[in-house]
Structures are given as structure tokens and as C-alpha cells.
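Protein chains in written order, with the working numbering: chain A, 505 to 664; chain B, 505 to 664.
The reader is advised that the hints may include incorrect statements.
What the hints assert, rightly or not - Once the Cα atoms are required to be at most 30 Å apart in a straight line, the calculated DSS-like pairs of lysine-lysine come out as:
hint, chain 1, residue 1, chain 2, residue 2
1, B, K514, B, K636
2, A, K609, A, K584
3, B, K616, A, K514
4, B, K616, B, K525
5, A, K584, B, K525
6, A, K636, B, K514
7, B, K636, A, K525
8, A, K514, B, K514
9, A, K533, A, K609
10, B, K636, B, K533
11, A, K600, A, K616
12, B, K533, A, K514
13, B, K616, B, K600
14, A, K636, B, K525
15, B, K514, B, K616
16, A, K533, B, K584
17, A, K514, A, K525
18, B, K588, B, K525
19, A, K514, B, K609
20, B, K533, A, K584
21, B, K609, A, K533
22, B, K525, A, K525
23, A, K600, A, K533
24, B, K584, A, K636
25, B, K588, B, K533
26, A, K636, A, K616
27, A, K514, B, K636
28, A, K616, B, K514
29, A, K588, B, K533
30, B, K636, A, K616
31, A, K525, A, K588
32, B, K514, A, K609
33, A, K525, A, K616
34, A, K525, A, K636
35, A, K514, A, K616
Hints listed in this document are in silico derivations from the structure and should not be mistaken for laboratory results.
Number of protein chains: 2
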Amino acid sequence: MSNHNEVAIKIIVTAWQAQNKRLDDLIAKLSDHQWNTETAPGRNTGIYLLGHLTAVNDGMISILGFGERLHPELEEVFLKNGYKSGLAMPSLAELKNYWQEINAKLNAHIEKMQADEWFGRHMSVSPEDFAKEPHRNKLNIILTRTNHQSYHLGQLAYIN
Amino acid sequence: MSNHNEVAIKIIVTAWQAQNKRLDDLIAKLSDHQWNTETAPGRNTGIYLLGHLTAVNDGMISILGFGERLHPELEEVFLKNGYKSGLAMPSLAELKNYWQEINAKLNAHIEKMQADEWFGRHMSVSPEDFAKEPHRNKLNIILTRTNHQSYHLGQLAYIN
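Okay, chain A solo, but in the shape it has when bound (with noise of 0.2 Å):
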């Protein structure tokens, strides 16, 4: 039984990482023009997806319990306001820095992660709320955030 469970986390961890991946050849291919660009008219820019996604990952820092968000300025920016609000935005070079800053540090702590404490409340609920909700374990973080980027990732995909 306890071998389903690591079968379980592993297969949430590898299409996390999967997702990451497809995030990172696209920051290996795509040109400065090209992040500059919208993604359909009217709608997000890449430079902008890509910091609501550093952003979005930052926060999983502190919310799997793995320490301080690195760059929680970009809270505001990303995650607070849109594409359009005017807020100066970190520089893109910035931004990929940033990315590859935090997901090192996710995985690191990714991987010495016990298969029980995959198991266990993330910091965003009150231990009485997870005792009666336990679906909201720290593996259901990684498996919402993956279907996020998964979202944005088929939008980024029109700006290649």
C-alpha cells in the first residue's frame, strides 16, 4: 500500500516538473520580441504570463512549508494586477533569473520530501479545517498549480 502512495506523489511530482520543463524550453527558445508580444490580442503579454507563473511558484515556497517566498514584490505586479495595470515590471532576463532561482529551490526541497509528508496540511489551512478536509495536503498544491500552468502554457503556446 505504502508503494501505491509513492507511485501516486511520483506520478504529481514528474507531470510538475513536466509542466516546468515545457516553461523552461520555451524560455530557451522564444526571443525577447517574442515575450513582448501578446498572446492573442487583447490579452496577456508573455513577459507577463511568465512572471504570473515565477509568481505562482514563489508562493508554493511558503505554502508547502519549504521557507520565505524569494521575490514576494512580484505579488503585486503578477498576482494582484494585470497585464495592463502599468506597475513597472521586473526587466524579462530579471524574470527568467527569478524562475530558474525558484524552481531550484522547489525542487530541492521536492526531493527530500517524505512520502507521509506529501501527505500532510499545507500552510495556507488551519490544522481543524485539514482535519476535516484532508484533500488539502501539500500533494493537492503541487497537482492545482500544475493544472494552472498547464492553463497558461497553451496560451504561451500561441506566441511561438
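Since the structure of chain A is provided, determine the placement of chain B on it from the hints.
Below, chain B without anything else, positioned relative to chain A:
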């Protein structure tokens, strides 16, 4: 421990159903005109993506061992060819019906699955390969198809 298996299954199946519901919601909301619009200039139309996602869900019936696909004719138009193929498509009304019919069948089987069955091999992997690669199980089919659906839902959002 077996409780953890069930939690893992629950979060994966819940994510799958949540993505399906997002497409249900689009079906309830978008006009025929919107479905016939490209999601971005030169990109898949809404109706093509609806057919594509319906064909993928139909394929899940056989891959998960739930029986024969209900609409194998969708494969040629929506999996093997792109939206500009010129092949005759089912009407929008037919596709919406197929979507519901296929998902009803999938969900009826999913409801009855026992925890251990989810960790069994899917029908596209041989017993020999599965012995070496136990992550190629039925649960992983749900997971990867959920991500695929999220990817295209991000694109369908552009005609909303």
C-alpha cells in the same frame, strides 16, 4: 496508509472533474458564433477544440478499460488532423451531446473504481512494461488528461 491512497485518488479525480466542469460551463455560456471563432488569429477554433477534447475523453474509455469508445469517428477529424483539414465535422450540437454522453460513461465507471484498480496498468501499456514502470497506471491517465484539458481551456478562454 490505504487512507493516503484514497486521498491521492480523490485529489486527482476531483481535479479532473473540475476541469471538465469548466468546459461544461463554457458550453452553457458561449454562443454558436463564439464556438466558430478562432481562439486567436490563425489558431484552433472553439468547435475544433471542443471536438478535440471530446475525442480525447472518448479515448479514455478504452485506455481505462471501461469498454469501447463511443465515437471513434472523432479520431480522424480531431486527433489526426488539424482544424483546417477541411474534413467534415459533426455539428456543434452533436459535439455537445457527445461530450456529455462520453463524460457520463466515464464518470459512471470512475465512481465504481476501487482504490487498488487505479494503480493497475492502463490499456496502452503491456504487462511487461508495466512491471518495470508502475507509474503507467490508470490514475496517471486521469492526471495527464487533466493537464491536457487545462492547456486547451486556457486557449478556449480567449473566445469567452
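Verification of the hints:
1. Taken as a hint, the K514(B) and K636(B) pair is honoured in the structure, with Cα atoms around 25 Å apart against an allowance of 30 Å.
2. For the hint linking K609(A) to K584(A), the alpha-carbon distance of about 24 Å falls within 30 Å, and the restraint holds.
3. Proposed proximity of K616(B) and K514(A) is supported: the alpha carbons are some 24 Å apart, at most 30 Å.
4. Pair hint K616(B) plus K525(B) holds up; C-alpha atoms about 20 Å apart against a cutoff of 30 Å.
5. Between K584(A) and K525(B) the CA atoms are separated by roughly 25 Å; this keeps the pair inside 30 Å, and the hint holds.
6. With a C-alpha separation of about 14 Å, the suggested pairing of K636(A) with K514(B) holds against the 30 Å cut-off.
7. Distance restraint check for K636(B) and K525(A): the Cα-Cα separation of roughly 24 Å lies within the 30 Å cut-off, and the hinted pair is therefore satisfied.
8. A distance of roughly 16 Å separates the Cα atoms of K514(A) and K514(B); the hinted pair therefore holds under the 30 Å criterion.
9. Annotation: proposed proximity of K533(A) to K609(A) holds, straight-line Cα distance about 23 Å (limit 30 Å).
10. The suggested pairing of K636(B) with K533(B) is violated, with an alpha-carbon distance near 45 Å, which exceeds 30 Å.
11. At roughly 25 Å between alpha-carbon atoms, K600(A) and K616(A) fall within 30 Å of each other, so this suggested pair holds.
12. As the CA atoms of K533(B) and K514(A) are separated by approximately 37 Å, the hinted pair breaks the 30 Å bound.
13. Under the criterion of a C-alpha separation no larger than 30 Å, the hint pairing K616(B) with K600(B) is consistent with the structure, at around 25 Å.
14. Between K636(A) and K525(B) the CA atoms are separated by roughly 24 Å; this keeps the pair inside 30 Å, and the hint holds.
15. A C-alpha spacing of about 13 Å is found between K514(B) and K616(B), which places the hinted pair at or below 30 Å, so the restraint holds.
16. Proposed proximity of K533(A) and K584(B) is supported: the alpha carbons are some 26 Å apart, at most 30 Å.
17. Taking the CA atoms of K514(A) and K525(A), the gap is near 16 Å; set against the 30 Å cutoff, the hint holds.
18. For the proposed pair K588(B) and K525(B), the alpha carbon gap of about 27 Å is at most 30 Å, so the pair holds.
19. Taking the CA atoms of K514(A) and K609(B), the gap is about 28 Å. The hint holds against a cut of 30 Å.
20. A distance of roughly 26 Å separates the Cα atoms of K533(B) and K584(A); the hinted pair therefore holds under the 30 Å criterion.
21. In summary, the hint linking K609(B) to K533(A) is not supported, as the alpha carbons are separated by about 41 Å, beyond the 30 Å threshold.
22. Proposed proximity of K525(B) and K525(A) is supported: the alpha carbons are some 27 Å apart, at most 30 Å.
23. At roughly 12 Å between alpha-carbon atoms, K600(A) and K533(A) fall within 30 Å of each other, so this suggested pair holds.
24. About 46 Å separates the Cα atoms of K584(B) and K636(A), which puts this hinted pair outside 30 Å; it is violated.
25. For the proposed pair K588(B) and K533(B), the alpha carbon gap of about 25 Å is at most 30 Å, so the pair holds.
26. For the hint linking K636(A) to K616(A), the alpha-carbon distance of about 27 Å falls within 30 Å, and the restraint holds.
27. Annotation: proposed proximity of K514(A) to K636(B) holds, straight-line Cα distance about 14 Å (limit 30 Å).
28. This hinted pair checks out: K616(A) and K514(B) have alpha carbons roughly 24 Å apart, not beyond 30 Å.
29. Distance hint between K588(A) and K533(B) is fulfilled; the C-alpha atoms sit about 26 Å from each other, no more than 30 Å.
30. For the proposed pair K636(B) and K616(A), the alpha carbon gap of about 24 Å is at most 30 Å, so the pair holds.
31. Taking the CA atoms of K525(A) and K588(A), the gap is near 27 Å; set against the 30 Å cutoff, the hint holds.
32. Restraint check for K514(B) and K609(A): the C-alpha separation of about 28 Å stays at or below 30 Å, so the hint holds.
33. For the hint linking K525(A) to K616(A), the alpha-carbon distance of about 20 Å falls within 30 Å, and the restraint holds.
34. A C-alpha spacing of about 35 Å is found between K525(A) and K636(A), which places the hinted pair above 30 Å, so the restraint is violated.
35. In summary, the hint linking K514(A) to K616(A) is supported, as the alpha carbons are separated by about 13 Å, within the 30 Å threshold.
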